[in-house]
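> Spelled out, the chains give:
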Amino acid sequence: MSLLESLRLALSVLWSNRLRSFLTILGILVAVSSVVAVVAVIEGLDRYVSNQILSTGSHVFQISKFGFSTDHDTYLRMLRRKDLTLDDAVALERTMQHARAVVPVVSRGATLERGKEEARGADVVGLGDGYPELRTLDVVAGRHLTRSDVQGRRFVAVIGEQVREKLFEPLDPIGREMKVGRHRFRVVGLLKERGSVLGQSQDNVVLVPVTTYRKMYGRRDPININVRAAGADVLDEAQEEATLLLKLRRGLNPWDEPDFSVSTSEMFFELYKNFTRGIYGLTLGIVAVSLLIGGIVVMNIMFVSVTERTREIGIRRALGARQRDIVIQFLSESVALAVLGGLFGVLLGGGAAVLLERVTPLPAAVRPWSVAVGLLLASSVGLFFGIYPATRASKLVPVEALRHEN
Amino acid sequence: MAAPLPLISLRGITRIYQAGREQVRALDDVDLTIQRNEYLAVMGPSGSGKSTLMNIIGCLDTPTAGSYLLNGTAVEGLDDDALARIRNREIGFVFQTFNLLPRADALHNVELPLVYAGLSIRERRERAREALAQVGLAPETKRRPNELSGGQRQRVAIARALVTSPSLILADEPTGNLDSKTGEEILAVFETIHRAGNSIILVTHDENIARRAHRIVRLLDGRVSSDVVRETAR
Ligand SMILES: Nc1ncnc2c1ncn2[C@@H]1O[C@H](COP(=O)(O)OP(=O)(O)OP(=O)(O)O)[C@@H](O)[C@H]1O
Ligand SMILES: [Mg+2]
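Read top to bottom, the protein sequences are chains A and B. If you're matching positions, the first sequence starts at 5 in the numbering used here and goes up one per residue. If you're matching positions, the second sequence starts at 45 in the numbering used here and goes up one per residue.
No lab work stands behind these hints, which were simulated from the structure alone. Every value quoted in this text rests on a predicted model; they were computed, and no experiment measured them. It is possible that part of the hints are untrue.
[Stated by the list, open to error] Facing chain B, from chain A, some residues (calculated, C-beta under 8 Å):
#, residue
1, 319
2, 322
3, 325
Here a beta-carbon is modelled for each residue, glycine too, at the ideal position from N, C-alpha and C.
The whole structure should be built from the sequences, with the hints applied where relevant.
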């Protein structure tokens, strides 16, 4: 009997036992769908994280009042720390040997307006004039904010693409006026489009001099300081230098623990990688266990199927089926069962990934290799756990099988 | 002049079943020679070993002792694949309980031996249709066994036995589950296919049925108690 025919026969048998077949494939379904869904989500995240978060600049580190806090108490303690100041940034810039740029950064959300047009939930970012050196923000029209903008506390702004679209389309925004909250600004530059990270647009943004920001909003928003080291080789020195200088400015001894955090995006990336490694480990566990359970269930169901069809096996043997034909018949059935489980798993896992992408800001991308791995796993399970029942079926003595009552 | 090579030659065939501690001699030193195109009836009381004999001749079971030549080939030494091949090419079985596959329609049931013979679908269809026509069936090809009458089922089974053009048709009480009128029709079918050149061994309890065969072998307690070739035959 040809393989194709065995497969057709197997499918018709499985179809005639729909409910049982479905219950049988649940384990495999769970395994394959978790492979597909988890890989989709993690790979999606990976792409964004490596593209976007790492592009916050190489050999850049950030000094902030807050560090990574894992519990509420730590967070409250961090909250009581002294704020970083603009003067801290100025002092670092003056004294640091290993820094190419020192940039104070502060931000909040605000509504932008121009006449009747409005852009809600825009990020207003106050920056020191060294920010172009961080290499993360480019202008495509007009100019960057300058030192004299910062020193003169001018009401000038560089806007993101989405702001241009909402407020100025179809006009050229450069040189035109807009309002940030109730303050009037003149647009001097337009940022290159950056896309979105985790569903947050990076282009609904307006950059203003940090001094102007302070004039508008006071001192409540905490300042972070971004430092770009003079080179990759001096990144560590630059961090130590900045840490020491800030400790002294904040009245600490050099040997004291700093009451601020210094972190690089690489550190964040490390943390992220550990996190994904954990998720993958967990998935591997779930997959292994559900495949094992799925396989055992398949094996048991195949034994039931062999017993139920002992008579049929006897008839086939009497008509000339070789042992091999019987093995192939039952193996096709267990493999078809498992692969069906795999296919449903791919649908479910892919569906879950797509749904997740729709309703949450998590990006997801179904990977062809994960589908291939899932289906390969499923068919191997079907093959492996099907061999024993199929062999047993083929070893039945024809006369005895024929005498079986059913 | 050499005697023609017999179709079947059994020498000292013994079959012992192990039933718990007890040993049952279902067949005890049976010698039997059957020629091509014989129509032979096997009779005997229940438990005398008729089915056991049929199963051994049909290569579904192997004797405990004795030698069996089929078409001059010793069956004892053959492996499972070779036995499967013999069952497929040389033997056609007809069972008392029909033994059709319930899920398959009549045509597919008749095709089944050809599937294991490795024929293409087209060839299978054609030969299965011919076999169905030979037993007086045709329009029922799309029906499943449970949609057929007992007589029709047995016709399908006979078509299935015929479809590979085997050397020998073995029928173990083929009319046992049928009423006498339907049984009569089935016997007519056997007579037709016998006239067409087939060799047939038929097990029956019914003297009237046995009398229509050309040779009657009687078993008693696993032994051949009589072997009569009827005058009127041949
Ligand atoms: N699998 C078996 N295990 C043990 N004993 C068996 C087995 N098959 C048959 N026998 C015994 O062997 C003897 C012959 O059985 P067989 O089935 O050949 O008889 P039979 O002539 O076909 O009878 P019936 O007319 O009732 O069909 C009986 O005594 C039976 O009980
Ligand atoms: Mg019997």
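> State for each hint whether it applies.
Structure-based check of each hint:
1. 319: For residue 319/A, the interface hint holds, since the closest Cβ of chain B sits about 5 Å away, which is under 8 Å.
2. 322: holds, 5 Å
3. 325: holds, 5 Å
When each numbered hint is compared with the structure, no violation occurs for any of them.
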